Amino acid sequence: MDKFESFSGVAAPMPLVNIDTDMIIPKQFLKTIKRSGLGVNLFAEMRYDDAGNEIPDFVLNKPAYRNAEIIVAGDNFGCGSSREHAPWAIKDFGIKCVISTSFADIFFNNCFKNGILPITLPQEQIDVLMKDAEKGSNARLDIDLENQTVTTSEGESFSFEVDPFRKHCLLEGLDDIGLTMEKAGAIDSFEAQAGQARPWV
Amino acid sequence: MTGKTLYDKIWDAHLVHEAEDGSSLLYIDRHLVHEVTSPQAFEGLRMAGRQVRAPEKTIAVPDHNVPTTEGRDKVIENEDSRIQVEALDRNARDFGINYYPVSDIRQGIVHIVGPEQGWTLPGMTVVCGDSHTATHGAFGALAHGIGTSEVEHVLATQTLIQSKSKNMKVEITGRLAPGVTAKDITMAVIGRTGTAGGTGYVIEYCGEAIRSLSMEGRMTVCNMAIEGGARAGLIAPDQTTFDYVKGRPHAPKGAQWEAAMEWWKTLHSDDDAHWDKVITIPGEEIAPLVTWGTSPEDVLPITDVVPAPESFKGGKADAARRALDYMGLKAGQKLSEIEIDTVFIGSCTNGRIEDLRAAAAILKGKKVKDGMRAMVVPGSGLVRAQAEEEGLAEIFKEAGFEWRLAGCSMCLAMNPDQLAPGERCAATSNRNFEGRQGRGGRTHLMSPAMAAAAAITGHLTDVREIM
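Chains as they are written, first to last, in the working numbering: chain A, 269 to 469; chain B, 627 to 1093.
One chain only, chain B, in its complex shape (with noise of 0.2 Å):
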């Protein structure tokens, strides 16, 4: 008998029913919730009669649509926004699950929420109407995004029905080079597999690199899992995990933090277990990189040119056409001399203290460059202070960033945080596709580091150049 992947061991502890069919009924450790994906699915439960079978592991906060501005928990003014943060509101309360409301400290986007405040734990299943639930992997839990349909069955069952993905195992080896981050990794692995490379699967990120990152950055590489198509990334837990762990809010303790640990160290793939797929990158190889088209897969080292859509196979090679078109962009133009007006610094991605560390570092007694709009978001109300006791706010602000309060933001751009036609952004969010942050609006996608590099000069930038 072969042995098992963490994959199989997570899915094998939560498996409640299988059919002869194959499909199976998983239990669902964590029920995040918000505001723009869960109406329908209360509204669903209430025409039913049915309740929320475990509220207490059901977890709500609105984040994508609140605006980032003060005065926000007084009034919403967009009126359809207000209405759905007001049903998150009233559901939270008629079905008595915890809730972080805006006016809270701890008010965030939920996928930052959740680790924060430890109700993300190793060995958990998670999900959340959201794709970027893939986020809380970096835990070692099995996390993906669902849809309102799902969100209802969850929510009136407290199980999901599954089907079991392939197991893919993503290494990088050695060490990452001065200048190169976790979202970098994520890029990487994605511009190396396309964006439905990782579809039936379930990923694994190992190796060297990914053990020296710290939880921050394991939730950036898992975050993007799904953009490279898998179900759910995953990392396994260790020192590192259980550091970040201990102490928080939901986290267990005294004799049960024992008892958990002992579990949690037995999340790990056995040496023997089996691999449909297997990606190995050396770290050493992994430049600064950003996208240059509407896809998270268009993705090129800085230091490269804008490809000629002619380079690409079958429909890849339309894509590519229509993207330069939409991009505003030519082949062959050096992508370290595209000029941008926006940058973006925030989002479920890269909206952490470890992310607002490092885009400080690159501004400090730095100026943000004439006419551009620049913005950090930071990923909860406890970042944002933290953050400002750090002294990293007063270096963003100095610099000429402006300082917002936590949400989703420009990263889909529902709430008032939007790019106008034609506008031009370094984001450190997750996806470029076109009219993503704003309708006609062009997005470059970069680590947050790249994004402070990119304010200071207006153009996309080498952040080794001025390390």
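Same shape as in the complex, but just chain A (with noise of 0.2 Å):
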């Protein structure tokens, strides 16, 4: 995985709530045995007509956010179906961070397997990088992890919270299996001790 760093980007307002993982990567998309080549259908259904035309009304088809990294979003965001092809399709797109006020735990955990960074600000905050969003391309949010803040093109500054373990992850680029594998040892015992415990399991 990439390592995270600081970065600027253009931020994609999207303030409707509830925007669920068949939104995000409809079930057609699901049929890949592949992680790669998602980001194309991306929102497809929201995105694309019938025939396969672009919606010009559709946030990321507008010229402003067509090159997006961020997306500031409604309530939970993410909800629905386990499926991690929908932070795939976010990563393949070039999103790199999500921002809203919660995030449904399965997708909020994906994004860190993933290298996005999903940020939870309270309502008022939303509010204001929302407004921000919506000036497009003009306007750029800095997105800093290591020092956890997320700043206005006002240069408004909002701090988060993340677990240092994630972060750690993240700005280290860092598998998450091979760190558990330095564990062996524990895993090894914990098995010995339970399957004396409990020799149906």
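These aren't lab readings, by the way, just hints derived from the structure by calculation.
It cannot be assumed that every hint is accurate.
[Stated by the list, open to error] The list that follows gives simulated cross-link-like pairs (lysine-lysine, DSS-like), each with its CA atoms no further than 30 Å apart: (1) Lys790(B) to Lys271(A); (2) Lys435(A) to Lys903(B); (3) Lys359(A) to Lys790(B); (4) Lys299(A) to Lys903(B); (5) Lys302(A) to Lys683(B); (6) Lys451(A) to Lys939(B); (7) Lys330(A) to Lys939(B); (8) Lys891(B) to Lys435(A); (9) Lys451(A) to Lys903(B); (10) Lys683(B) to Lys451(A).
Predicted model only: the values in this text are computed from it and were never measured.
Need the complex rebuilt from these two chains, each delivered in its own frame; the hints are there to steer you.
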């Protein structure tokens, strides 16, 4: 996984609440056995009409947001299915950070596994960021994971919380499995002890 | 020192390692795998030269995109679906994991097969690359969905990196009124909390109305915990649980059964346990429910009317406006006058034998309204066989329902069972999202009995009127 570096990028405003993973990547694109190439299908049913033409009103089809690297979203982003195709599609499109008042649990976890930073902020700060995002490509948000801040194009800065372990993994681009395998001894002894206590498992 | 919740107890019994920063390594007792969210995980193992650490604790079954029509064990026509199912065949064989292929009568929806075969037991940790893994919480097992990276992590290490959730108690007191089912309970809870109300929590469902449910009903309740945003839903095991588990192929036997029972009987929340949130709903007050919008929280009693978007606060008002537009409904319209053209009975929410019995009881001697498409998709080959033995299949067929083979089918429409744009479906599944059952398709969620009632009348119907 690539290291997550501080960046400044265009943010696409998506104020709709409860954007679910069926919207982010509809089921017909789950029939892949690869992780790559899903960006073109991100938000497919909102982004393209039945004939496959772009719907001009959809935010990511607007010239200002075609290269967006951030999404500012309504409450409960990423609810529904556990499909990791959702963050794969977001990442493949070029989005590195999603900001909302709240995220669904599984989607939130999946983001970190793919080098995407989900940031949770209170409603009044989301309102400020949404307004800033609506200014289009002239306004860029600064995302600084090291110092845990989001800064608007006007220079207004908000701090966010992030789990220290996840922050470390994102900043260093670490692979979870490799880290866990370093604890193989602890897993071995757990299995031995649990095997005695609960032999039917 | 305060007591522990059931969640605390299962968590503590599976803790391998706890880091100073609060991230924990949790041991996983059962890992369920299906064809859609696993290919990339197995590919990752191969690329890194890693093995499956505990193939005997790993169970695979194709369900999401298998056709539900005859002949599917010979050929799956959709090439992408076939490639995924073949990949699962190969991965199961190469890594030596337990496998129920399409040709096996035990094949079905992963969350129905696991309990049916006795893989799911009280006190276990169960994960699967599918959000409806919450279903297994009905056994007092800590069960939740994970992403594909986590599937790979569990395959390689039999553990998961987790941070602990908070504890929520949802108590359903008293008894349910006639015509009200487990599905109505779980929808009522989501209607109350909203789809994000459970975020950050593990829910334990309790109370007399929950205790009175069968295992099938309890699975329906826990199944939709994820729709309320919770990491997992739990119901403490009791005699109903033990009776269901006993004698299943992978349940413990003999002395091991006795030892297991001794531990299982301790699996309940202590009286002095700490709850971060408590919700109480009187069972008597729950009516048969339907959804009107495009989120599972858009729940109302069948006797109600489509709400006005202005009646909601904040971003939900815009979302409701969008939902009514998508659903082709008008504020003030009676829910019971909404006409449908499709009925889908099945899914991991309501594809078990009790669900088919409930629907068949309404349909017996009646006919599906002319021009409608109605489909029953049993949750597993064994549920299907049992329903045939009990004469339920005949009732469905005589009423005009298609009697299908087991799979996820029209719940998520990855297989050929889909809605066309504008089609409107009474569904016993779990999600009414835009496009969920097919692009432009409109979904109303409800119980099997309510779906059966709608099949007869051709519109959303209060099942109590035809019971």
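Discussion item. Are any of the numbered hints broken by this structure? If so, which, sorted upward?
Written reply: 4, 6, 8, 9
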